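Novice: If you want the building blocks of each chain, they are given just below.
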Amino acid sequence: MQRIGVFVCHCGSNIAATVDVKKVVELVRYEPGVVFADDYMYMCSEAGQEKIIEAIKENKLTGLVICSCSPRMHEKTFRACAEKAGLNPYMVEIANIREQCSWIHKDREEATEKAVILARAAIAKVNLNTPLQEGESPVIKRALVIGGGIAGIQTALDIADAGYPVDIVEREPSIGGRMSQFDKTFPTLDCASCILTPKMVEVNQHPNITLYTYSEVEGVAGYVGNFEVQIKKKARSVDMAACTGCGECQAKCPLGKMGKIPSEFDRGLKNRPAIYMPFAQAVPAVPVIDRENCTYFKTGKCGVCAKICPSKAINYEQEDEIVTEKYGAIVVATGFDIINLDKYGEYAYNESPDVITSIELERLMNAAGPTGGHLERMSDHKQPKDIVFIQCVGSRCDDEKGKPYCSKVCCMYTAKHAMLIKDHWPDTNVTVFYIDVRTPGKNFDEFYRRAVEQYHVNYIKGQVGKVIPQPDGSLMVQGVDLLDNKQIMKKTDMVVLAAAIEPNKGVRKIATMLTASIDNNDFLTEAHAKLRPVESPTAGIFLSGMAQGPKDIPETVSQAGAAAVKVVGLLAKDKLKTNPCTAKCDPMFCNGCSTCANVCPYGAITYEDQLVRGPGVNETRRVAIVNNALCQGCGACTTACPSGAMDLQGFSNRQITTEVDAICQ
Amino acid sequence: MQGLIDRLTALLNDGTVARVLGWKKGDMPYNPEPAIFNSAEELKDFVYDGFCGANLSKMMIEATKLEGKTAVCLKPCDTYSFNQLIREHRVNRDNAYIIGVGCRGKLDIEKIKKDAKGITEISGTELDGQEKVTIKTIYGDKEINYTDALLGRCHVCKGKEHMIADETWGESKDTADQERFEEVQKLEAMTAEERFEFFKNELSKCIRCNACRNVCPACSCRKCVFDNTKFDAQQKANVDSFEEKMFHIIRAFHVAGRCTDCGECSRVCPEGIPLHLFNRKFIKDIDKYYGEFQAGKDPEAQSPLTDFTFEDIEPGERG
Amino acid sequence: MSVNENGEFRPLIVAFCCNWCSYAGADLAGSSRLSYPADVKIIRVPCSGRVNPMFILRAFERGADGVIICGCHPGDCHYSTGNYYARRRMTLLFSMLDYIGVENGRTRVEWCSAAEGAKFSKTMNEFCEKIASLGKNVRLGDLRCKD
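Residue numbers (this note's numbering), protein chains in the order written: chain A, 1 to 665; chain B, 1001 to 1319; chain C, 2001 to 2147.
I should point out that these hints are in silico values taken from the structure, not numbers from a laboratory. From a predicted model like this one, the values you see are computed outputs, not experimental measurements. Misleading hints may appear alongside valid ones.
Straight line, CA to CA, 20 Å or less: simulated PhoX-like cross-link-like pairs of lysine-lysine [what the hints assert, rightly or not]: (1) A:Lys233 / A:Lys509; (2) B:Lys1114 / B:Lys1132; (3) C:Lys2122 / A:Lys106; (4) A:Lys491 / A:Lys461; (5) B:Lys1158 / B:Lys1288; (6) A:Lys509 / A:Lys234; (7) B:Lys1160 / B:Lys1173; (8) B:Lys1230 / A:Lys584; (9) B:Lys1223 / A:Lys584; (10) C:Lys2136 / B:Lys1200; (11) C:Lys2119 / C:Lys2130; (12) A:Lys301 / A:Lys252.
To be clear about the criterion: a stretch of chain C counts as covered by chain B if any three or more of its residues have a C-beta under 8 Å from a C-beta of chain B, and this derived list gives those stretches [claimed, not checked]: (13) 2048-2061; (14) 2070-2083; (15) 2088-2098.
Every residue gets a Cβ at the ideal spot worked out from N, C-alpha and C, and that includes glycine.
The following block holds chain A by itself, in its conformation from the complex:
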């Protein structure tokens, strides 16, 4: 039998004004197990805690019930207090008689009655509490960053600068991500490469950073502080150590001139050879062979690159390699892409080469792009005299076709595009169709206003219904002007679509491996939308960049830095305390049926053949084993288990049942 002490807090008048505290004390004094009951003005205060400690010692208490504010507020305080008096901290239960009683009920009698019932439930539960021990698990002082765009680069640099080793896994042959495709950046109009390339080089040269490019995460096991990750290094067919990055192979690859392999980096506006670096400033400056298209891999003939390579770096025999590495923390910085526009037939994107996306426009305006920075129509290579921008293509969409959210960056980059075009070719007529123009951010609205006031970009509030390619090669844009309330038919040379952004396709697979939650739009979920914005609810997983939600470069960089600080904070610890409220299997009852393992989000349950001995039982059985370091205590397994073999410590079947009984007495 427990020896329980009940402490009822007045919380000044917060509780005492509505709940008759003295009466609660008198009524719970004779509950089973209760040997001591008292009230105090502020239980959480120094003096209140002293009172508790004294009572524990004097009455040899084995369990505590504190009737006070929410356990979310002071459970930790009272557990620490119990520990000070030599009591196991998990022998404390809180009856929430403030937030869930005194603050919401006005009738004193009613509130007092409810407070007594809540106290009874807590007392009944404590009667079944058992001391629990927090475990410890070591922290591996190495971080993994998944994704080598600006988010991943900045996070890795910040972690590395703090003195911890960090690995970057990037799917593409080079780091750099989307930002490396951009021309200029808003609101300062400095060139994207000029600010990104030095960071890419820094990553490559940093002693604490290891780069895995052309690689993917294949599997993740383990838990916070102790992840084991399998990284697949796809065969590059080029020896990274030997290659000098001279570029001879790309220049001589026969498919470079005659081939029709669209360059991913140039969004298909240009072709590339089968052996290629995505762009000139690629890091690492080592090409890869695209085996699907390479003539040598398709037919066994050719081999030009191997013949001409001065450093004999080409290796056709290279195979995919799996590297297994351990990490204490993982940052997801998998970034974004734009949506597929197949569903938006009305904009004629698939019909006319002169209807392009904004990211294609970035390439067309980039001096290193397919046209050397000269803006031209892809159909006839003429310079457009009239350009129409269409905003919110798939963003803020209330039907299934698009995305419900605002992509956040489109208003700003369209203003940027409009201004840059006007700057270079002042006689170009630029029109923007928009739903709303959204420009919160430092110097952002000023930037947009410059587009309107200084550059006379024609902004029309209204949507475009249809883009119709004309026989003369021009495009007819049908839209509405909502402010003038009139239909618009406009002939133009080029249409640019601000397609909605979406998280990179692979993120769902990665989130599943990491057991990190994602929302309905596949953006990673934060642990708390406001207070823990760069952490995933899964311990040890951190979020950086667009993978978490739409954001621009300055925001991405700040978030990257914040994620890095969180990682460093974790890696700085030698040991982590583990939650002792974990699941536990009773082998006498366990069927070994694997139902629990099927619902465990953490892969914490494995099976083992175990000798089970008990009344009438002496056999080797398949039984479930819970890994306490992995288990987070959600209890999904306990509900899935038909026999009740699986139970959750701290929230056991009996404890909850007894609470139900106490409330329904």
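Using the hints provided, position chains B and C relative to the given structure of chain A.
Specialist: Relative to chain A, chains B and C alone:
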């Protein structure tokens, strides 16, 4: 039947199996019972006829723990249960030799007894028997159509295919001639009051003998949660209360997504409670809300209750 | 269930709230002073996926008039997936209770985030009204557990 006995004898004699799990003659012509045969000699009591309704798959949990292989006779519908037990790691497939025996539906003795009291002999119920069953009683002979005496579950037969078997014996017949969810739909169409009265009436007959629990191949926990002292859920039968409801709801809930609808619960209930109506309701809901699912069809398939989609229906919604 | 001095029926309602969203939502309702009837008694569980159907039936057996389960919104589960399993379980359980003739409406699931104090309070008010209109739970109670 002799062909089957010969084959089982051969399997025992050549050492392929160490024992046979089948049925042996009962003390009446209509109550054969599951039995283990350890030698060819013992097989003289083996029987396989229209009354061998018992699903033997659950007994394989213990039988496959024994040394050597056990041959088991499984009807097409029993193989679903066996597959489900494989999925749940409850039987050792390597220690089982499955003979998929043919089935043309099994008989409900209660239906026969309605017209025939004082039965002394029944013939024509073998797999290759006649369309009519001949019943000798102390009051004279009677005849009944085989199909008229089928167990309720055979009218919603899942088909004549064995889902798993090492070899098969005899022809099977798909005896389905009723809509599977007809009975459930009929109940659903009633008012809440009528349904409550119906189930109260049925469940008040429950004597908590646990026959349903013991026979059910899905309800195969080593120790039942209702016997688990750590759950505070131990119960007894009582006169006018909720406990039977709780027991049967939870029992059906625990086998939801795992129940193959073999109908053994209703077959063995000494009070004749149509217990399959609980399971079949869950099956119907699962099919409706989460897509058609037949437990035991594919031993690799994920059970609907350990699975989800982001777009699942909300509780309480009637889709 | 209880009857107050005016002879008015006061339902007994058990609410299972997940620790991360709904319990915090209930706290927020409290700190925002958004009242709901004292008939609601909350039991804290780590996750809506922890709510075993046996707890719900147990509450009814012991005389509860209504049971409500609150969890994080689908997609927001602290443990990623707990509420998805809970959603399926409760869908089937509620349908079964309806099937055996228990008044539809004595059970409810509501997703309520830590930020939705107002929703929590509104939900509880609605639920209490609903249960009050249904009256005393006679179909699921165990007579031996009550006087």
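Novice: Which of the listed hints are broken here?
Specialist: Failing hints: none at all.
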